[in-house]
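Heads up: the sequence lines are chains A and B, in that order.
When the count follows my numbering, it moves up by one through the first sequence with no breaks and lands on 114 for the last residue.
When the count follows my numbering, it moves up by one through the second sequence with no breaks and lands on 1120 for the last residue.
Derived from the structure by calculation, the hints contain no laboratory data.
Using N, Cα and C, we set each Cβ at its ideal position, and we do this for glycine too.
Wrong hints could be hidden among the right ones.
To be verified - Calculated pairs, BS3-like style, for lysine-lysine (alpha carbon to alpha carbon, straight line, at most 25 Å):
id, chain 1, residue 1, chain 2, residue 2
1, A, Lys111, B, Lys1041
2, B, Lys1064, B, Lys1014
3, B, Lys1020, B, Lys1055
4, B, Lys1041, A, Lys42
5, A, Lys37, A, Lys58
6, A, Lys101, B, Lys1020
7, A, Lys101, B, Lys1055
8, A, Lys71, A, Lys37
9, A, Lys22, B, Lys1041
10, A, Lys22, A, Lys68
11, A, Lys42, B, Lys1020
12, B, Lys1041, A, Lys101
13, A, Lys37, B, Lys1014
As the list claims (entries may be wrong) - Label pairs and their computed distance ranges (CB to CB):
id, chain 1, residue 1, chain 2, residue 2, range
14, A, Val54, B, Val1003, 22 to 28 Å
15, A, Asp27, B, Glu1052, 23 to 29 Å
16, B, Ile1012, A, Leu114, 35 to 41 Å
17, B, Ser1083, A, Gly55, 47 to 53 Å
18, B, Glu1059, A, Met95, 17 to 23 Å
19, B, Lys1055, A, Lys58, 24 to 30 Å
20, A, Glu56, B, Val1003, 39 to 45 Å
21, B, Lys1066, A, Glu79, 43 to 49 Å
The primary structure of each chain is shown beneath.
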Amino acid sequence: GENVEQHPSTLSVQEGDSAVIKCTYSDSASNYFPWYKQELGKGPQLIIDIRSNVGEKKDQRIAVTLNKTAKHFSLHITETQPEDSAVYFCAASPMTGGGNKLTFGTGTQLKVEL
Amino acid sequence: GAVVSQHPSWVICKSGTSVKIECRSLDFQATTMFWYRQFPKQSLMLMATSNEGSKATYEQGVEKDKFLINHASLTLSTLTVTSAHPEDSSFYICSARSTPGQGLPIYGYTFGSGTRLTVV
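Using the sequences and the hints given, assemble the complete structure.
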């Protein structure tokens, strides 16, 4: 089955700096890679996703890059703000087959300090 | 956009009793729903995949007789924790997957807000 590794487990940045979180996956059948933000006591919320037919996607301060050959993808947050502080999870899934299971990374606790 | 409603948001029950958690897709049909369990400071662990009108598929190590899943309609799935014990205390989260033709992100996963279960 799919195995997703995520680094770092904790990340502390100063407000305004950039934050980068990296994930690797093992199953070449995976072709859908979402990123979720989870605040304490709440369910995960999708912040951005990328499919295997593109290498990069950007939405305002958030961007995701995908390297299918190396099987890794990264989340980039620019101009970080205190409200960006949360736990971020990467995930991977085959869009069809494999039970459509979404496999999560281990999470990154991001803290944006004033 | 896609919205998944999960209730209750928290529940406290006595050991030995059963608890039902509901997960509804409010504005789309979800032929597939997923149930996760999350311990503090840990990732989401998939418990089971629920397909409308058929039996759920449980992940290895998840007791199907303890965690009963029913997906009787395209918008509702329920998880019942039977004979709950303190070790079942956890954060349970459901997710629904949108399918093409509904004007939503194709194959996107939408999560509920989670249910904090405490068994005393």
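Structure-based check of each hint:
Distance check on the hinted pair: Lys111 (chain A) and Lys1041 (chain B) sit about 14 Å apart at the alpha-carbon level, within 25 Å; holds. Between Lys1064 (chain B) and Lys1014 (chain B) the CA atoms are separated by roughly 21 Å; this keeps the pair inside 25 Å, and the hint holds. Restraint check for Lys1020 (chain B) and Lys1055 (chain B): the C-alpha separation of about 17 Å stays at or below 25 Å, so the hint holds. In summary, the hint linking Lys1041 (chain B) to Lys42 (chain A) is supported, as the alpha carbons are separated by about 13 Å, within the 25 Å threshold.
Taking the CA atoms of Lys37 (chain A) and Lys58 (chain A), the gap is about 16 Å. The hint holds against a cut of 25 Å. The straight-line distance between the Cα atoms of Lys101 (chain A) and Lys1020 (chain B) is roughly 23 Å, inside the 25 Å bound, and the hint therefore holds. For the proposed pair Lys101 (chain A) and Lys1055 (chain B), the alpha carbon gap of about 16 Å is at most 25 Å, so the pair holds. Among the hinted pairs, Lys71 (chain A) with Lys37 (chain A) is consistent with the structure: their alpha-carbon atoms are about 22 Å apart, no more than 25 Å.
Restraint check: the Cα-Cα separation between Lys22 (chain A) and Lys1041 (chain B) comes to about 18 Å, which is no more than 25 Å; the hinted pair holds. For the proposed pair Lys22 (chain A) and Lys68 (chain A), the alpha carbon gap of about 14 Å is at most 25 Å, so the pair holds. The hinted pair formed by Lys42 (chain A) and Lys1020 (chain B) meets the criterion: a straight-line CA distance of about 19 Å does not exceed 25 Å. Annotation: proposed proximity of Lys1041 (chain B) to Lys101 (chain A) holds, straight-line Cα distance about 22 Å (limit 25 Å).
Between the alpha carbons of Lys37 (chain A) and Lys1014 (chain B) the distance comes to roughly 32 Å, so the proposed pair goes past 25 Å and is violated. Taken as a hint, the range 22 to 28 Å holds for the pair Val54 (chain A) and Val1003 (chain B), whose Cβ atoms sit roughly 27 Å apart. Distance hint check for Asp27 (chain A) and Glu1052 (chain B): the Cβ-Cβ separation is about 26 Å, which falls inside the suggested range of 23 to 29 Å. A C-beta distance of roughly 36 Å is found between Ile1012 (chain B) and Leu114 (chain A), which places it inside the suggested range of 35 to 41 Å.
Between Ser1083 (chain B) and Gly55 (chain A) the CB atoms are about 50 Å apart, so this pair conforms to the stated range of 47 to 53 Å. With their beta carbons about 20 Å apart, Glu1059 (chain B) and Met95 (chain A) fall inside the hinted range of 17 to 23 Å. At roughly 42 Å, the beta carbons of Lys1055 (chain B) and Lys58 (chain A) sit outside the given window of 24 to 30 Å. Against the hinted window of 39 to 45 Å, the Cβ-Cβ separation of Glu56 (chain A) and Val1003 (chain B) comes to about 29 Å, which falls outside the hint.
For the hinted restraint 43 to 49 Å between Lys1066 (chain B) and Glu79 (chain A), the CB-CB distance of approximately 47 Å keeps it satisfied.
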